[in-house]
Amino acid sequence: MTLAALRGRFGSLADAPATFLLAGARVIDPSDGTDEVRDLAVVAGRIADPRRLPDGAPRVDATGLLAVPGFCDLHTHLREPGGEGAETVASGARAAAHGGFTTICAMPNTTPPLDDARAVAKVSGAGRVAAARVRVIGSVTAGRDGTVLADLAALREAGVIAVSDDGATVADGEVARLAFERCADLGLLLVEHCEDPLLADGGVMRSGATATRLGLRGWAPEAELAVVRRDLELAADTGARLHLTHLSCAASLDAIRAARARGVDVTCDVTPHHLSLTDAWVDGGRRFAWEAPGDIDASLAYDGHCRVNPPLPARDDALALLAGLADGTVDAIATDHAPHGPQRKLVPFDEAAPGLVGLETALSLGLAAVAAGMVALPVLIGALSTSPARIVGEERALGTGATADLAVIDPAATWTVAADRLASRSANTPLIGRELPGVVRLTVADGRVTWNDGLLPLR
Amino acid sequence: MTALHIATAPRQHLLDVEGMPRAAVERILDLAVEMREARAARRHRDLLEREIVATAFYEASTRTRVGFELAAKALGATTVDLGVAGSSVGKGESLVDTLRTLERSGVTVVVLRHASAGAPWLAARATGLRIVNAGDGAHAHPTQALLDALTLREALGEVSGRTIVIVGDVAHSRVARSNLHLLRTLGARLRVAGPPPFVAGFHAWPGVEVASTLDEALDGADAVMTLRVQLERDAGNGISSMADYASAWCITSDRLRAARPGAPLLHPGPTNEGVELSAEAANGPRSLIGRQVENGVPVRMAVLARICGVSA
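Respectively, the protein sequence lines represent chains A and B. Residue numbers in the first sequence follow this note's numbering, run continuously in steps of one, and reach 447 at the last position. Residue numbers in the second sequence follow this note's numbering, run continuously in steps of one, and reach 313 at the last position.
Certain hints may be false.
Part of the chain A face toward chain B, derived, beta carbon under 8 Å [claimed, not checked]:
(1) A197
(2) A286
(3) S287
(4) V335
(5) F337
(6) V367
Derived CB-CB ranges, DEER-like [claimed, not checked]:
(7) B:A24 - A:A360: 50 to 56 Å
(8) A:R(-5) - B:D98: 49 to 55 Å
(9) B:E281 - A:A286: 49 to 55 Å
(10) A:G(-4) - B:G239: 45 to 51 Å
(11) B:E281 - A:G161: 51 to 57 Å
(12) B:R12 - A:A406: 44 to 50 Å
(13) B:E295 - A:A286: 28 to 34 Å
(14) A:A406 - B:G239: 25 to 31 Å
(15) A:A406 - B:D216: 57 to 63 Å
(16) B:A24 - A:P330: 37 to 43 Å
Far from chain A by the CB rule (all over 10 Å, computed), these chain B residues [unchecked claim]:
(17) S95
(18) T102
(19) D137
(20) R154
Simulated from the structure, these hints should not be mistaken for laboratory data. All of these numbers come straight from a predicted model, not from anything done at the bench. Don't be surprised by glycine CBs; every beta carbon is placed ideally from N, CA and C.
Build the full structure now, drawing on both the sequences and the hints.
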């Protein structure tokens, strides 16, 4: 069934709170280490004792299904305002619900950027009736142009959960220092996209033998590492809370480990695509990072869908990111969901807009990594749910009395990624046509059903 | 998208020489020799009469564009040049939209030159056209490599086992990349040389030795290929000045003495005389630059005939 036919299966945060029982689900709750098969009841939007389930409430056989805390995406591009052809708050939130996410954090690199209270309020307002909680990240600098700080106090007042100039680093050292000092004063989280523009030098894929052979300009890991190191120093010096997003190289994680050892307060995320895809995909390779490198299909080379910033990593770096996820260095998986229409992607590789959609494939790529033995299932779930939620100050728990905020997953089911199976307005991903494990059967955000794949009776 | 022309065989392209089997290379070179004779004898003039060949050059070119146009005409194809500057491209039409327009107009083969590496792969995926790569960014220039291989084969008798040296801005050169692939397939020993920014990344290129001085590069060379220094590259090319480059790397008849006696000199053109090679070397007895241009048309005749699936 295509997603268009399932349109009525999305709900919103404005719906009535749900009541149902999942019988015999495997409940994984990283907040308290729970991993057990049991009944899980939701009564009027809260986790309840199953004995309190009202008569006549739906009881679902959840044998073989996972019940996990709702996912929280720290890095989502919703394209509203200015890019509504590619995504809107409403469509992005549906994509989130479809992928098991109950919170998405909207990045401010819209047109115009989210650099003042009014712009923030518009996105938050649209989010109130969406299929996921929409939290807003404001821009660090006015107009997101990197020169003058935005009114960060007013942004905090407007409710932003962090600030970031994502899409670019706050490259100017003086502006960066001011931003760290101001964020420390205000208690604001600073989210950095780590890319020294001079070192990245207009690169369009990861530097290395593949880039040299393909004649594409390389973007060296040093461009990321230089900003990671600078920001760790600034965080140490100012006490600002720092979150480094979409890290792509082993050396960045090493720098974070060293900084934490001396007490620096820093968190970080990696994307599903940097954990699973490699620079060989630009060359037409289609093996996951954990698979032995194999034949390439030259006819798939230079696919603009493989252009992303930071670029797809070398295989060794992807494996190091997976190891960092497994050992806890990486706090969260964040999608960097970046919708683009075909006119931005069906172009020569170096002209393609960077980014791919990720909300609806994040879990599946993670489960593929779990199946390959790269990371334990509870660690994956924690990196998608409780851990990022904690970074933005949200509760996630599946104990009695908690607000029901969860996803129900069929880990044994598979699906084939296709444009008409995605709720996002865009389908820019090199995973189109790929069969992946894991189907989200139900998503409940703030007690409301936001996605119901027929698991509960349909209204 | 359905192909608008009837193709009985699977669609053929010439996107790259990387990975082309040696036998296929030899067949194209043999066919080029036959085409050279056929052209002189005015034979095969209706071989491609059912084809419409468009040249779409998003970067300037004389040799390659004219070479393809004459090759297509010599085999009886209808030819059309997408004058990029005077077309809808100037109005912001995308590459794919332009190519689809050509396809709907009846064009069957597009010869594409583009500043972006990989543009021909996009063209092949997004249309039903047969695509010939006439140079994509810093990536590949298959017909230049084929005509260089033919030129070398005729000058040296045999490419296999010979030491062939490429001097200049290898890092930014599609000619160098395609020659490295093709000459390796033909069994040559390969060496590249230039100032460090010009050979960046090539220490890891399979089967290629990097020399750090011109004398070291030329020592024992059976043939020398020098590349155009891109004077027009606006972001700077990593070398301090043209004069510095020339003093270390300009190939003169005098410096050519470091190579094997009689080793020929090649250059894909257009040359900057006094920068990458001297005027007397370019015009001297060891220069094959004229032969390279002469081989351009028959090699392109062979390529067009092959991708159109016709046998001469």
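Quick rundown of the hints versus the structure:
no.	hint	result
1	A197	5 Å, holds
2	A286	7 Å, holds
3	S287	7 Å, holds
4	V335	6 Å, holds
5	F337	5 Å, holds
6	V367	35 Å, violated
7	B:A24 - A:A360: 50 to 56 Å	40 Å, violated
8	A:R(-5) - B:D98: 49 to 55 Å	31 Å, violated
9	B:E281 - A:A286: 49 to 55 Å	43 Å, violated
10	A:G(-4) - B:G239: 45 to 51 Å	59 Å, violated
11	B:E281 - A:G161: 51 to 57 Å	53 Å, holds
12	B:R12 - A:A406: 44 to 50 Å	25 Å, violated
13	B:E295 - A:A286: 28 to 34 Å	31 Å, holds
14	A:A406 - B:G239: 25 to 31 Å	45 Å, violated
15	A:A406 - B:D216: 57 to 63 Å	60 Å, holds
16	B:A24 - A:P330: 37 to 43 Å	39 Å, holds
17	S95	6 Å, violated
18	T102	15 Å, holds
19	D137	7 Å, violated
20	R154	25 Å, holds
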